[in-house]
Amino acid sequence: MSSYVYMKILESRPRRYDRGIAMLSFGQSEKARKRLVEENIKPGNRVLDIGCGTGTTAILAASKGAEVTGFDISAQMLDVAREKVESTSLGDRIELMEMGVSGMDRFADISFDVVISTLTFSELSLDEQAYVLGHAHRILRPGGVLAIADEARPKTAGKRLLHGIVRFPLLVVTFAVTQTTTHAVKGLTELVRSAGFHIETEERSMLGSFLYLVGRKDLRK
Amino acid sequence: MRALIGWFVAYFARWLPHRAPTGLFAVGRPGAGSPVLVTANFTLTVKRVLRALAGQDVWLLVANSEGINVWCAACGGILTENRIIDAVKISKLAEKVSHNEIIIPQLSAPGVDREAVKQQTGFRCRFGPVYARDIPAYLEARKKKTDRMRRFDFGPRHRLDMFLPMNFPVYLLIAAVLALVAPKQLAGFTVLFWAAVGILYLLLDVIPGKTGWGQAMFAALTVVLAWAGINWYLWANPFAHWGWWIATFLVFFAAGFDIAGILSPRTSDAERMMQRLGFKRFGSLFVETERGTVELDPVKCCGCLTCKDVCPVGVFSGIDANKKAVIGHPEACFSCGACVKQCPEGALAFAAHELGPGS
Numbered sequence: 001m002s003s004y005v006y007m008k009i010l011e012s013r014p015r016r017y018d019r020g021i022a023m024l025s026f027g028q029s030e031k032a033r034k035r036l037v038e039e040n041i042k043p044g045n046r047v048l049d050i051g052c053g054t055g056t057t058a059i060l061a062a063s064k065g066a067e068v069t070g071f072d073i074s075a076q077m078l079d080v081a082r083e084k085v086e087s088t089s090l091g092d093r094i095e096l097m098e099m100g101v102s103g104m105d106r107f108a109d110i111s112f113d114v115v116i117s118t119l120t121f122s123e124l125s126l127d128e129q130a131y132v133l134g135h136a137h138r139i140l141r142p143g144g145v146l147a148i149a150d151e152a153r154p155k156t157a158g159k160r161l162l163h164g165i166v167r168f169p170l171l172v173v174t175f176a177v178t179q180t181t182t183h184a185v186k187g188l189t190e191l192v193r194s195a196g197f198h199i200e201t202e203e204r205s206m207l208g209s210f211l212y213l214v215g216r217k218d219l220r221k
Numbered sequence: 222m223r224a225l226i227g228w229f230v231a232y233f234a235r236w237l238p239h240r241a242p243t244g245l246f247a248v249g250r251p252g253a254g255s256p257v258l259v260t261a262n263f264t265l266t267v268k269r270v271l272r273a274l275a276g277q278d279v280w281l282l283v284a285n286s287e288g289i290n291v292w293c294a295a296c297g298g299i300l301t302e303n304r305i306i307d308a309v310k311i312s313k314l315a316e317k318v319s320h321n322e323i324i325i326p327q328l329s330a331p332g333v334d335r336e337a338v339k340q341q342t343g344f345r346c347r348f349g350p351v352y353a354r355d356i357p358a359y360l361e362a363r364k365k366k367t368d369r370m371r372r373f374d375f376g377p378r379h380r381l382d383m384f385l386p387m388n389f390p391v392y393l394l395i396a397a398v399l400a401l402v403a404p405k406q407l408a409g410f411t412v413l414f415w416a417a418v419g420i421l422y423l424l425l426d427v428i429p430g431k432t433g434w435g436q437a438m439f440a441a442l443t444v445v446l447a448w449a450g451i452n453w454y455l456w457a458n459p460f461a462h463w464g465w466w467i468a469t470f471l472v473f474f475a476a477g478f479d480i481a482g483i484l485s486p487r488t489s490d491a492e493r494m495m496q497r498l499g500f501k502r503f504g505s506l507f508v509e510t511e512r513g514t515v516e517l518d519p520v521k522c523c524g525c526l527t528c529k530d531v532c533p534v535g536v537f538s539g540i541d542a543n544k545k546a547v548i549g550h551p552e553a554c555f556s557c558g559a560c561v562k563q564c565p566e567g568a569l570a571f572a573a574h575e576l577g578p579g580s
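In order, the protein sequences belong to chains A and B.
For the first sequence, our numbering begins at 1 and goes up steadily by one.
For the second sequence, our numbering begins at 222 and goes up steadily by one.
Just so you know, these hints were derived from the structure itself, not from any lab.
Hints are not guaranteed to be accurate.
What the simulated footprint calls covered on chain B by chain A, stretch by stretch (three residues with Cβ under 8 Å from a Cβ of chain A suffice, anywhere in the stretch; the number is not a length) [what the hints assert, rightly or not]:
#, region
1, 239–248
2, 298–308
Cβ-to-Cβ under 10 Å is the rule here; a few derived chain B residues that face chain A [said to hold, decoys possible]:
#, residue
3, N262
4, L281
5, V283
6, N285
7, E287
8, S312
9, Q340
10, Q341
Glycine is no exception: its CB is placed at the ideal position from the N, C-alpha and C atoms.
Extracted from the complex, chain A is given alone in its bound form (with noise of 0.2 Å):
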């Protein structure tokens, strides 16, 4: 069967899987781990890793002196954040858990300084991004900080143009070469703020497709 070769394929994709968004996003994935680390995590600090996949910022994030726990849908993907976390010394700093979005439910209630996500709620449907908001408001401490780095749908029409044309053509070769792709996401700066966070930054790239969210739970709550 030929979806035979395609299933191949998909099973082997986690292995590829740095390497297809480092294509898909001309490297602004990794500099958006970099800042979105830089900015918001402090020695310390209790970190939840939303969508963890190979661990690239669980492990920004141990490095700088964070208690990680980062989980992930793919058993796949965790098999490969493993090794990476193993060839560091960041061990028992950093916990990985295999569940979906749902098994947020387990977190207690404000256990977390700051709670992250980059390149995963872009494969979130919608229903399942307001459930990971409304989890992330609950376990936060008050004053915590969510911060996001996703691709994002451009949100003007001429720009959504413009980014189609470049990234259309990027989308197939990456596709072929790695099997991943993401699914740009729409209105989350809303969805955040609805969520009960109050937007400290919202800033996209050149072409607006690259977003870097920060949102902060009131001190008050």
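Since chain A is already given, all that's left is putting chain B on it; use the hints.
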């Protein structure tokens, strides 16, 4: 109009993922006791499931498979128990229904650990039929499946379904190149290409040859001989259009590149070729070696026949006098992994074996 475009995209671009919204949807007027059917969020799949469910009162739970179809997503490690657990919990299914059973697609069997779903959500998973179109009959029969409902159908219906989506992109690609370098040949190519695809799709079962490539070449040879014959008869020169001979071979090769894989439960020729050439790995297009066919450990087997329930090609024939499953048709196995994943006793595994002809 928008719906039409949506359908067009979903139908022709089926090589690429295409996402539908996820969550719990009411089909008709379901109540607390109505059945819950689960599917994946590949747009074409959701459209077909909804069409099949017209007139029923059921819940449809769409899980996030990143826009990939059920079978590929399950085999590729994307549609796993975690996706089902997320869908059940996020949709708050337990508040909508009074029972604890969900019906998941049979073709999700290679990826979903049913025990984990039960532990984390309380819902038991039961495997429904392979095809959405059989769901009404399946529900009518009080969720009893016939053997036909368990089988993936590689027959005319499947071929018709694959005909345009599989071949049109290939045609478009070659035609685009041809339009640039040799526009005069475009019409001839168009006729030749669709004739070749038509011949292969219609006659695949009767064209001699073990592999898809062999069959494509046999068909091409027949057509070339016919060319020569006609030319000889009309112009007394069999070589009058020899350029088209080469074109015929090339077109049949393009059209038949993966017919074995797409149209029949056989291994893809392209993939086997790579293995024969000794590639264990070729970039990222090709990584693993063949898994081998399934083997049963009779000591562990408890005779529950879950394997028979999930096998889409009828490898398991029933139960023997010692209440052990019987592998009646080992040759039919193409190692999708459904039975190995679902066997509650861990009695099934793939036997690694040397690659030989017909393996």
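Consistency of the hints with the structure:
| no. | hint | result |
| --- | --- | --- |
| 1 | 239–248 | holds (count 4) |
| 2 | 298–308 | holds (count 7) |
| 3 | N262 | 7 Å, holds |
| 4 | L281 | 14 Å, violated |
| 5 | V283 | 9 Å, holds |
| 6 | N285 | 5 Å, holds |
| 7 | E287 | 6 Å, holds |
| 8 | S312 | 7 Å, holds |
| 9 | Q340 | 12 Å, violated |
| 10 | Q341 | 8 Å, holds |
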